[in-house]
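**Q** What follows is each chain in one-letter form.
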Amino acid sequence: MLQVDFQKSLPEFQLSARFAVKDEIIVLFGPSGSGKTTILNCIAGLAHPEYGTIRLADRLFFDHKDNIKLPVQKRNVGYLFQDYALFPHMTVEKNIRYGMQRDAQGQVEELLQSVGIDHLLQKYPHQLSGGQKQRVALVRALATKPDILLLDEPLSALDADTRRQCQAELLRIHEKWRIPFLLVTHDRDEAERLGDLILTNRDGHWSLD
Amino acid sequence: MDSNLTPLLLSLKVAAISTSVVFVVGLLMARLLTQKEFWGKHFLESLILLPIVLPPTVVGFGLLLAFGKNGFLGQLLYDMFGIQIVFTLTGAVIASIVVSFPLMYQSAQAAFTGIDRRFEDAARTMGSSEWRVFWTISFPLAWPGLLAGLVLSFARGLGEFGATLMLAGYIPGKTDTIPVAIYFAVEAGQMDKAMFWVIVIVALGMGTTVWLNWWSRRSMRRFANTK
Chain S
168 MLQVDFQKSL
178 PEFQLSARFA
188 VKDEIIVLFG
198 PSGSGKTTIL
208 NCIAGLAHPE
218 YGTIRLADRL
228 FFDHKDNIKL
238 PVQKRNVGYL
248 FQDYALFPHM
258 TVEKNIRYGM
268 QRDAQGQVEE
278 LLQSVGIDHL
288 LQKYPHQLSG
298 GQKQRVALVR
308 ALATKPDILL
318 LDEPLSALDA
328 DTRRQCQAEL
338 LRIHEKWRIP
348 FLLVTHDRDE
358 AERLGDLILT
368 NRDGHWSLD
Chain P
12 MDSNLTPLLL
22 SLKVAAISTS
32 VVFVVGLLMA
42 RLLTQKEFWG
52 KHFLESLILL
62 PIVLPPTVVG
72 FGLLLAFGKN
82 GFLGQLLYDM
92 FGIQIVFTLT
102 GAVIASIVVS
112 FPLMYQSAQA
122 AFTGIDRRFE
132 DAARTMGSSE
142 WRVFWTISFP
152 LAWPGLLAGL
162 VLSFARGLGE
172 FGATLMLAGY
182 IPGKTDTIPV
192 AIYFAVEAGQ
202 MDKAMFWVIV
212 IVALGMGTTV
222 WLNWWSRRSM
232 RRFANTK
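Protein chains in written order, with the working numbering: chain S, 168 to 376; chain P, 12 to 238.
Don't read these hints as lab results, they were simulated from the structure.
Just so you know, not all the hints are guaranteed correct.
[Said to hold, decoys possible] 30 Å max Cα-Cα, derived DSS-like pairs, lysine-lysine:
{"no.": "1", "chain 1": "P", "residue 1": "K204", "chain 2": "P", "residue 2": "K185"}
{"no.": "2", "chain 1": "P", "residue 1": "K80", "chain 2": "S", "residue 2": "K175"}
{"no.": "3", "chain 1": "S", "residue 1": "K232", "chain 2": "P", "residue 2": "K185"}
{"no.": "4", "chain 1": "S", "residue 1": "K189", "chain 2": "S", "residue 2": "K241"}
{"no.": "5", "chain 1": "S", "residue 1": "K236", "chain 2": "P", "residue 2": "K24"}
{"no.": "6", "chain 1": "S", "residue 1": "K236", "chain 2": "P", "residue 2": "K52"}
{"no.": "7", "chain 1": "P", "residue 1": "K24", "chain 2": "S", "residue 2": "K241"}
{"no.": "8", "chain 1": "S", "residue 1": "K175", "chain 2": "P", "residue 2": "K47"}
{"no.": "9", "chain 1": "S", "residue 1": "K232", "chain 2": "S", "residue 2": "K189"}
{"no.": "10", "chain 1": "S", "residue 1": "K189", "chain 2": "S", "residue 2": "K290"}
{"no.": "11", "chain 1": "S", "residue 1": "K175", "chain 2": "S", "residue 2": "K261"}
{"no.": "12", "chain 1": "S", "residue 1": "K261", "chain 2": "S", "residue 2": "K312"}
{"no.": "13", "chain 1": "S", "residue 1": "K290", "chain 2": "S", "residue 2": "K343"}
{"no.": "14", "chain 1": "S", "residue 1": "K290", "chain 2": "S", "residue 2": "K261"}
{"no.": "15", "chain 1": "S", "residue 1": "K232", "chain 2": "S", "residue 2": "K343"}
{"no.": "16", "chain 1": "S", "residue 1": "K343", "chain 2": "S", "residue 2": "K312"}
{"no.": "17", "chain 1": "P", "residue 1": "K24", "chain 2": "P", "residue 2": "K185"}
{"no.": "18", "chain 1": "S", "residue 1": "K261", "chain 2": "S", "residue 2": "K232"}
[Claimed, not checked] What the simulated footprint calls covered on chain P by chain S, stretch by stretch (three residues with Cβ under 8 Å from a Cβ of chain S suffice, anywhere in the stretch; the number is not a length):
{"no.": "19", "region": "129-136"}
{"no.": "20", "region": "148-154"}
[Said to hold, decoys possible] Some chain S residues flagged as far from chain P (calculated, every beta-carbon gap over 12 Å):
{"no.": "21", "residue": "P178"}
{"no.": "22", "residue": "A214"}
{"no.": "23", "residue": "Q249"}
{"no.": "24", "residue": "D250"}
{"no.": "25", "residue": "L253"}
{"no.": "26", "residue": "N262"}
{"no.": "27", "residue": "Q268"}
{"no.": "28", "residue": "Q272"}
{"no.": "29", "residue": "R307"}
{"no.": "30", "residue": "D319"}
{"no.": "31", "residue": "R331"}
{"no.": "32", "residue": "C333"}
{"no.": "33", "residue": "H341"}
{"no.": "34", "residue": "K343"}
{"no.": "35", "residue": "D356"}
{"no.": "36", "residue": "I365"}
None of the values given here were measured: they were computed from a predicted structure.
Even glycine gets a Cβ: it sits at the ideal position worked out from N, Cα and C.
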């Protein structure tokens with residue numbers, strides 16, 4: 168259960184978000200500049216709101232009243248960045264092993280096969296196609312066995328066919344992992360195809376429809 | 012032809028010691044200053060870069076004031092450890108540190124600023140401590156720029172003249188680094204000797220710039236198509 172209720176001032180407007188969700192795929196749908204990435208960053212701990220609380224299951228991530236800011240390293244979130252942020256100086260294997268939990272070996276191997284990148288382990292990121300990078304980043308994020316997965320426009324750099332494939336993969340993987348997926352997109356089709364729930368923004372305030 | 016190679020050895024020694032100091036301190040300061048915002052930061056950065064624009068004699072004069080017999084640091088070092096800075100190789104090292112530090116600092120700062128922050132953030136979300144983030148992500152990604160700064164500092168240390176002369180003087184066999192030796196050879200009308208050292212230092216300098224050029228072009232290509 169992810170409970171979010173916070174406010175943060177951005178240069179152009181006052182951002183606020185209020186929602187509670189379970190182990191579903193939740194889509195943040197809206198135009199660029201509407202604060203979607205900031206919401207993901209606040210949940211991950213890379214940015215902090217000014218007011219409110221963020222809670223994942225029984226763990227308090229942020230609370231302005233008690234001045235609680237759980238460090239990003241302790242939140243156990245998986246984060247798939249826009250453009251993926253694969254470490255350019257490491258092979259695919261080293262990227263995936265970077266934050267891998269010891270007991271995740273089996274799951275990771277299964278993932279590698281199911282998304283079809285097990286033959287790429289010795290390649291470097293710049294040798295991969297867009298779809299391959301997306302899959303490596305996904306496996307890398309899941310290898311940490313996160314309690315929640317944040318995905319920032321994960322498919323926007325891909326061509327239509329690859330995109331369709333990756334959407335199907337995401338649905339399949341979510342079915343297996345059963346953790347909240349919080350996915351940012353500005354594509355209405357994608358929002359409807361993937362989202363169990365859709366968060367939208369009205370005057371800077373994000374909530375469920 | 013003078014077969015006495017002392018100036019070359021002294022120059023290499025001075026440059027090696029000063030570069031080691033400058034590399035570590037420049038790296039740490041650049042890292043800290045690119046991450047933290049505080050009052051007086053811009054003033055501090057300007058101060059660090061000052062030796063680039065000042066005449067070396069002015070830098071040397073300042074160092075003489077600080078490290079001379081009656082200078083604050085000079086007195087402190089002498090009283091506590093019995094160390095004298097003026098007219099010693101240590102003086103040459105200090106002069107070399109001060110003039111080459113801005114080069115290392117600038118290179119390191121550019122190298123750290125050039126790293127995409129998301130790589131470091133991605134590592135943090137994977138549970139990596141700040142220390143591990145630095146050694147596994149920031150340092151390797153900044154390495155091409157850091158190495159360029161290191162080589163540049165070494166070359167600058169090798170060629171340091173003005174501040175060195177002011178602080179360390181010219182004591183043959185003790186503080187006569189190549190640039191100082193050239194000056195006094197010309198003074199004494201020993202043009203052959205001067206020419207020899209000039210060729211040595213031009214060769215070293217040329218080697219440095221050719222390598223730097225090659226290295227920076229290679230580094231630019233290194234992770235091409237990353238995006």
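**Q** Does the alpha-carbon distance linking P:K24 and S:K241 stay inside the 30 Å limit?
**A** 47 Å, violated
**Q** Is the straight-line distance between the alpha-carbon of P:K24 and that of P:K185 30 Å or less?
**A** Holds. P:K24 to P:K185 sits at ~12 Å (cutoff 30 Å).
**Q** Just to be careful, I want the Cα atoms of S:K236 and P:K52 compared with a cutoff of 30 Å; is the pair within it?
**A** 27 Å, holds
**Q** Check the hint pairing P:K80 with S:K175 against an upper bound of 30 Å on the C-alpha distance.
**A** With a Cα-Cα distance of about 58 Å, the restraint between P:K80 and S:K175 is violated, given a limit of 30 Å.
**Q** Does the region 148-154 of chain P contain three or more residues whose Cβ lies closer than 8 Å to a Cβ of chain S?
**A** holds (count 3)
**Q** Straight-line Cα separation of S:K189 and S:K241 no greater than 30 Å?
**A** 21 Å, holds
**Q** Just want to verify: S:Q268 was marked as not at the interface with chain P; is every Cβ pair farther apart than 12 Å?
**A** 9 Å, violated
**Q** Is the Cα-Cα distance between S:K175 and S:K261 30 Å or less?
**A** 36 Å, violated
**Q** Over 12 Å from every CB of chain P: does S:P178 meet that, or does the non-interface label fail?
**A** Label holds. Min Cβ-Cβ 17 Å, cutoff 12 Å.
**Q** For the pair supplied as a hint, S:K290 and S:K343, confirm whether the alpha-carbon distance does not exceed 30 Å.
**A** Distance of about 27 Å is within 30 Å: holds.
**Q** Does the no-contact call for S:D319 survive, Cβ to all of chain P over 12 Å?
**A** The claim is violated: S:D319 sits with its nearest Cβ about 10 Å from chain P, within 12 Å.
**Q** Determine whether the non-interface label on S:A214 survives the test: each CB of chain P must be over 12 Å from its CB.
**A** Violated, because the least Cβ-Cβ distance between S:A214 and chain P comes to about 10 Å, which does not exceed 12 Å.
Violated hints, listed in ascending order, are 2, 3, 5, 7, 10, 11, 15, 18, 22, 23, 24, 25, 26, 27, 29 and 30; each of the other numbered hints is respected by the structure.
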